[in-house]
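As you go down the protein sequences, you meet chains A and B in turn.
Per UniProt numbering, the very first residue in the first sequence carries number 1; after that it's consecutive.
Per UniProt numbering, the very first residue in the second sequence carries number 1; after that it's consecutive.
Note that these hints are calculated values from the structure, not bench results.
Since the structure is predicted, the reported quantities are computational estimates derived from the model, not experimental observations.
Hints may be right or wrong, so weigh each one.
To be verified - In silico SDA-like cross-links for lysine to any residue, where the CA-CA straight-line distance does not exceed 25 Å:
#, chain 1, residue 1, chain 2, residue 2
1, A, 11, B, 30
2, A, 41, B, 73
3, A, 41, B, 71
4, B, 11, A, 28
2 protein chains.
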Amino acid sequence: MARVVVDVMPKPEILDPQGQAVSRALSRIGVAGVADVRQGKHFELEVDDSVDDETLHRIAGSLLANPVIEDWTVTRV
Amino acid sequence: MARVVVDVMPKPEILDPQGQAVSRALSRIGVAGVADVRQGKHFELEVDDSVDDETLHRIAGSLLANPVIEDWTVTRV
């Protein structure tokens, strides 16, 4: 068994209303010094050792992320 | 400027319907070998060097995560 982390983020050119909402809330509660916030998804998978990186990227691109608007990274931890 | 990553995950004892939906979809499309999927949130913050770890944990616990049902990690990258 291996643990795999897949992080999915909106592509840089895509607006991120959730991140912007957090940014505005930070100003409102008086926290200074945070220039930008972007929000994505974080997946933790428990996989057999037989699952290769190609399969992991296929899973990420078909089920976890929308390749049109999101980028992802696959990391074995 | 520093980049900070905050990962927010449902606590282990909390059900995760989104992760379970991904697990079921994997079986349906014929991917074997994935034993468990859990889904959380991934935040990327651009912060001034003046923002200390205590402030980051305060931000995470008040705006990014719900401490009753979620755990989080703060990582400077």
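For each hint, the structure was consulted:
no., hint, verdict
1, 11/A with 30/B, "violated, 28 Å"
2, 41/A with 73/B, "holds, 14 Å"
3, 41/A with 71/B, "holds, 15 Å"
4, 11/B with 28/A, "violated, 28 Å"
Violated hints, listed in ascending order, are 1 and 4; each of the other numbered hints is respected by the structure.
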